[in-house]
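So for the sequence shown, the numbering used here puts the first residue at 176; every next one is plus one.
Derived from the structure by calculation, the hints contain no laboratory data.
Certain hints may be false.
To be verified - Label-pair distances were calculated between CB atoms; the ranges are:
1. R285 <-> A359: 35 to 45 Å
2. A193 <-> E307: 13 to 23 Å
3. G268 <-> Q365: 35 to 45 Å
4. D295 <-> D352: 18 to 28 Å
5. Y208 <-> R390: 19 to 29 Å
6. T378 <-> R214: 13 to 23 Å
7. D278 <-> A215: 15 to 25 Å
8. D363 <-> L230: 39 to 49 Å
9. R196 <-> G312: 20 to 30 Å
What the hints assert, rightly or not - Straight-line C-alpha distance at most 30 Å; calculated DSBU-like pairs for lysine-lysine:
10. K398 <-> K245
11. K398 <-> K310
12. K298 <-> K245
13. K310 <-> K298
14. K310 <-> K245
15. K398 <-> K298
All residues carry an ideal CB built from backbone N, CA and C; glycine is no exception.
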Amino acid sequence: MATTNPQHTTPTTSGDDALDRYILDHTDPEGDYLYRLYRATNIHTLHGRMASGHLQGRLLKMLVQMVRPKNILEVGTFSGYSAICMAEGLEEGGTVWTYEINDEQEDFTRPWIEASPVADKIKFFIGDANVEAPKLGVVFDMAFIDGDKRTYLQTYENVLPLMRQGGFILADNTLWDGHVVDAAYDHDHQTRGIKEFNDFVATDPRVERVIVPLRDGLTIIRKL
Numbered sequence: 176m177a178t179t180n181p182q183h184t185t186p187t188t189s190g191d192d193a194l195d196r197y198i199l200d201h202t203d204p205e206g207d208y209l210y211r212l213y214r215a216t217n218i219h220t221l222h223g224r225m226a227s228g229h230l231q232g233r234l235l236k237m238l239v240q241m242v243r244p245k246n247i248l249e250v251g252t253f254s255g256y257s258a259i260c261m262a263e264g265l266e267e268g269g270t271v272w273t274y275e276i277n278d279e280q281e282d283f284t285r286p287w288i289e290a291s292p293v294a295d296k297i298k299f300f301i302g303d304a305n306v307e308a309p310k311l312g313v314v315f316d317m318a319f320i321d322g323d324k325r326t327y328l329q330t331y332e333n334v335l336p337l338m339r340q341g342g343f344i345l346a347d348n349t350l351w352d353g354h355v356v357d358a359a360y361d362h363d364h365q366t367r368g369i370k371e372f373n374d375f376v377a378t379d380p381r382v383e384r385v386i387v388p389l390r391d392g393l394t395i396i397r398k399l
């Protein structure tokens with residue numbers, strides 16, 4: 176039985192908040208463990224909103240259930256929320272290989288991953304996925320890119336050869352709070368990195384792609 180969290184009954188006043196609440200109330204609950212992880216992420220880390228959260232987390236789980244991958248590569252573990260969500264959708268024998276480049280994150284993230292109900296499906300590494308993932312010799316069926324926005328295109332180019340034909344890459348934050356269409360952010364390095372990535376992928380003949388305006392933008396890419 177799914178766990179109901181206190182956040183599901185919080186009253187809201189603005190139209191946007193009311194719609195957000197309506198969406199979550201009509202989406203599967205995230206469960207108590209993920210609820211506690213998301214709350215701890217926001218309390219104990221500087222950029223808690225970087226965690227995928229309830230809605231995106233449920234989407235990630237469902238996409239995994241649809242694609243039925245054996246191996247998933249994640250670039251940017253952060254607090255482990257998205258890795259756990261994807262692992263929830265895996266069939267037996269499936270693995271999420273997740274890399275976090277910031278070693279200061281390990282003391283927070285590793286205990287949450289190792290205590291999760293799907294810990295046996297997650298391999299967590301501290302290191303640069305661009306360097307380390309190709310050394311695994313693993314062919315991936317799905318990848319979730321959520322690392323340094325300044326090097327998104329480089330990460331994409333490194334990840335694409337590791338994917339099987341027909342595999343899916345999910346790239347997070349590709350609308351970047353709307354900054355991608357705001358000239359005031361043209362000199363921001365992270366915005367420029369996202370725009371460079373978006374522009375390149377939009378015309379890349381090796382893939383099909385669609386941007387979903389979920390949260391901060393999620394691009395779904397299929398390798399041809």
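Name the hints, by number, that the structure is in violation of.
Result: hints 2, 4, 6, 8, 9 break, sorted rising.
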